[in-house]
Amino acid sequence: MSATISMTGSSTAPVTAAARAEGVSKFYGTGDATIAALKDVYVSLEAGMFTAIMGPSGSGKSTLLHMLAGLDRPTSGEVFLGDTQLTSLNDKALTLLRRDQIGFIFQSFNLLPTMSAAENIVLPIRIAGRKPDEVWVKSIVDKLGLADRLTHRPTELSGGQQQRVAAARALASRPQIVFADEPTGALDSAAGTELLGFLRKAVKELGQTVVMVTHDPTAASYADRVLFLADGHVVDEMFEPTADAVLDFMKHLGA
Amino acid sequence: MFTATLRGMLAHKVRLVLTVASIALGVAFLAGTLVLTDTMRLAFDQLFGKVSAGTDAVVRAEAAYSQSEGISTSRAPIPAGVLTQVRKADGVRTAEGSVSGYALLTDNAGRAVLTSGGAPTMGYSLPADPALRGDVKLLTGAAPSGAHQVAIDATSAEEHHIALGSTIKVLFNGPTQIFTVVGTVGFGGEKNLGGTTGAYFDSATAQQVLGAPGVFDSISVSAEPGVAPAELAQRINAVLPDGAEAVTGATVVKESADAVNEDLKFVTVLFMIFAGIALFVGSFIIWNTFTMTITQRSREIALLRAIGATRRQVNRSLIVEALLLGLLASGVGLGLGLLVAKGLNLLMDAVGFSLPSTSMQVEPRTIVVSLLVGTLVTVVAALVPAYRATKVLPVEALRDAVPGAGNPTKKRIIAGAVVTSFGLAGLFSTLYADLSMKLFGPSLLAIIVGVLMLLPAAARPLASLIGIPLRLRGMPGELARQNAMRNPRRTSSTAAALMVGLTLVVSMGVFASSLKASFGDVIGDSINADLFVTTSSAQAPGFSPEVIKVVKGVSGVSSVTASGWGEARFDGADSSYSAVDPATAADGLNLGVSAGSVAALGTSGVVVAQSAATSHGWKLGDVIQSEFAATGKHDLRIVGIYNGKGWIGDDFIISIAAQTAAAGQQLTSSGLVRLAPGADRSTVQQAITAALADHPDAKVLDRKGFEKEASGFIDKLLTFVTVMLLLAVLIALLGIVNTLVLSVFERTRELGLLRAVGMTRNQVRAMVRWEAVVISLIGALAGAALGIGLGLALSQALADEGIKAISIPGVQVTLYVVLAAVAGVLAAIGPARSAAKVDVLKAVVAD
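Taken in order, these protein sequences are the chains called U and V. Here full-length UniProt numbering is used: the first residue of the first sequence is 1, the next is one more, and so on. Here full-length UniProt numbering is used: the first residue of the second sequence is 1, the next is one more, and so on.
In isolation and in its complexed conformation, chain U is listed as follows:
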């Protein structure tokens, strides 16, 4: 397998990059206590594709996602969303960018407890002071099977339902890209399968770009492409992955 290791994902055919990291490094702490979470990472994530980022704990996969999603800033290097250089934006511009062009699904605590599912779904749009596109939102809600759950508060929803509401929110504003950080980490396998199926459908049917961090090979198998991280480096990638292949590679990586 080691023969397929390449430094970047740029070996694929040239397609539009929805997001890219160029020479991104991230260090935490100072002096002797400095820990490098990412070391000079180059990745390019193509639009309209479902990309999974995998790696063992501490590999820097979540850190990479945070950099790409504008939630954190790299110590050095550049991050682009489309043509926008995130690293040059101030906090406000970055916040507005997250609001208008990025969708988020976190592992847990995705929803505001005081708001109903419906309100949570349109939250970023409402924060922007805009009116949601009712037809579009309804189509997503229907796809996620949430129509009869819209008036419920998060505490009245199951974990799977909560994550599906989060997914609906992520897509509601038609973002350029959706980032999902271990979206199935807290779900049972049935709920996880449902959510992953939806994400895949969003890519295939709606042309949505989705980037997902996961440590679960089965989850990764829903993606079009898997990036493997270890020790802050991108060590390999895999296209059209299967769960077994990913698992094999991860065993190899972990060994």
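Hints are computed from structural coordinates only; laboratory data are not their basis. Do not rely on the hints blindly, as some may be mistaken.
To be verified - Derived DSSO-like pairs (lysine-lysine); straight-line CA-CA distance at most 30 Å:
id, chain 1, residue 1, chain 2, residue 2
1, U, Lys138, U, Lys39
2, U, Lys92, V, Lys842
3, V, Lys704, V, Lys552
4, V, Lys254, U, Lys39
5, U, Lys92, V, Lys837
6, U, Lys92, U, Lys131
7, V, Lys342, V, Lys254
8, V, Lys191, V, Lys50
9, V, Lys13, V, Lys699
10, U, Lys201, U, Lys131
11, U, Lys92, U, Lys39
12, U, Lys131, V, Lys837
13, V, Lys633, V, Lys254
14, U, Lys92, U, Lys143
15, U, Lys39, V, Lys837
With chain U's structure known, arrange chain V on it following the hints.
Chain V alone, transformed into the frame defined by chain U:
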């Protein structure tokens, strides 16, 4: 457990500072009051001690009953002949008669030397013997001698540039006289006696102008060397005629000081009430803090329980935390108390109640009481939350418990409704039925407590309502509204502190406004006056009766109705009375006499108010016994019953002649002038002003001017009370800060999520700010509503005393509410900033 408690407290410094401050402010007020009153007490002791330092014994008439009238004595005079007997007594080195009384100095231009805060303007006989002068020392010039010489206090001389050898007028109860200033007097290092002015005459002159020839107020005695004061008093007593007594100088000092302190008790009580309110409001914040920290710590508590801590240990650790917090806060409060004492003194000064002062007195009692009260309030406020903490089950350690919404229980709503209804029922019964007014206060209290109990149930709908306009502010506004609604208990107890403060401020405002509005009605209804002769400064006790004679002589004046007042016992109960001139009373006063007549007063008649007559079963012709401190018992026949309380609010009216006979010559407090037909008011007013040139203790006003002056005084008092109550409001604002800080801390993850999905820092700040505004508006609106209600009730309760008009100061109340909202914005600055700083990553990454 103890170290865990301590560490927990230190871990949340902001919370610690805020909770400490909320209790410390109340304690500071308490300690400040105690320090101030102790200081005042000492100051008065020193003051009286100075005057009589060299007097070993005092001979005086036995008082009919002890009555406090401040510095002036109210005893019968003692015949001059007694002095001869006293001088003969064994052990007496020397003895002199002493006289004191009202004497108002004027400067060389004839302007009155007025004191601030109504401190007395006094005249005294200056003893010839230096020892008997005590600390009263001539600083410059010589002792007065003869009928045309006076020595004055050094402060008056300096501040009014009255030179030795110049002549000044001095006003008395009797005719004004002209004196040559021959000396200035100091008082053991001080240039005046506690803010009073003093005019010193020789003994014979003092008898003439201050008292009456042939009598003294008292006799001061100096002992021969080796004779103790008590021994001296005893020996003199042996030779005294009936009705006279000899006491030691120290006894007199103590009596005088006690009397003044008794008079000043209202200051103590007033400040204690404010301190109590501040502590009460502060206790809400303690309650809130403990409730919130316990909710946040429920996992920690559950963990402790799971690993074997008993309920009692959990409870105890929280009580210990409250104890430490209370002690710390009380200690800080005690320190602040010294500043507060200084501030209160300045405030009293500013509104015209000057108090004598000396170095700040911090008695051990002050320290003990402050620490005890502050700690106790804190612990008591923490009891219920601490008890609730023991109900946390060990298994909750394993659950991912979301801080509870805490809806008010039905039980509480019902209890609150019952208490409020009882209060309302009591209130209306006292106001409109015959229920005793004694229940009025408790009823008001019941209403406040009841509303406090109901507030949690009202908080959610109120927040929802107040928050409606916030929707226009977009998502941050909507979220602020929801956040204010999500925990009604917390929102309500935060708002409750503000509500209490505002209730009091607003009710005082309504009351004062009604009082002012009624004033016009009182003037319209109960008197007929074209012009008003009144004291030249609002706090002066009165003016010389000579003034009335002068005004009567002005052309264009048809009549002048003089009135004065005093205190005596009627039918065994202390009461104030009014004194009028029976011949002119009917000209100026609409007394609404329903039986008998005021003209029949004579020197042994009394006119009583209908309400007093009804409650005592008195009727025309009945004889009631009065008792005056100066002259003892007098039988008074009821010659009239009157209904028209207003200008005169006392239950008893006697004639000025009767007052003079029973209590000595007294000052006049007002004169109501009626014009002769055809006379022009402003012309007459100018003529009276001119005629009063020699009487700077009085001035003449038209109705408008008089009302303005009266309402000016009310405004001053209102300002004073409002400033005091603002302390409670300030504490309430600390409470809002505290709640917001804790809420922001509790909602870190939510804030992070909002930031992640695109809420800008400005929006986050706005969200916290609007939440603060909603909370403070709940408190302000509830407080304003309750305050208006209570203010109206208070005014209604005093309708009998002349508050007949009802007025709500709309602009003022609106201003308070707006200020409360603004204050909410200010309270949110810190919490909003920390909310905006929440680290997005920490919040959204699962732990």
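Results for each hint:
| no. | hint | in the structure |
| --- | --- | --- |
| 1 | U:Lys138 - U:Lys39 | violated, 42 Å |
| 2 | U:Lys92 - V:Lys842 | holds, 19 Å |
| 3 | V:Lys704 - V:Lys552 | holds, 22 Å |
| 4 | V:Lys254 - U:Lys39 | violated, 88 Å |
| 5 | U:Lys92 - V:Lys837 | holds, 13 Å |
| 6 | U:Lys92 - U:Lys131 | holds, 21 Å |
| 7 | V:Lys342 - V:Lys254 | holds, 26 Å |
| 8 | V:Lys191 - V:Lys50 | holds, 12 Å |
| 9 | V:Lys13 - V:Lys699 | violated, 60 Å |
| 10 | U:Lys201 - U:Lys131 | holds, 25 Å |
| 11 | U:Lys92 - U:Lys39 | holds, 27 Å |
| 12 | U:Lys131 - V:Lys837 | holds, 28 Å |
| 13 | V:Lys633 - V:Lys254 | holds, 26 Å |
| 14 | U:Lys92 - U:Lys143 | violated, 33 Å |
| 15 | U:Lys39 - V:Lys837 | holds, 28 Å |
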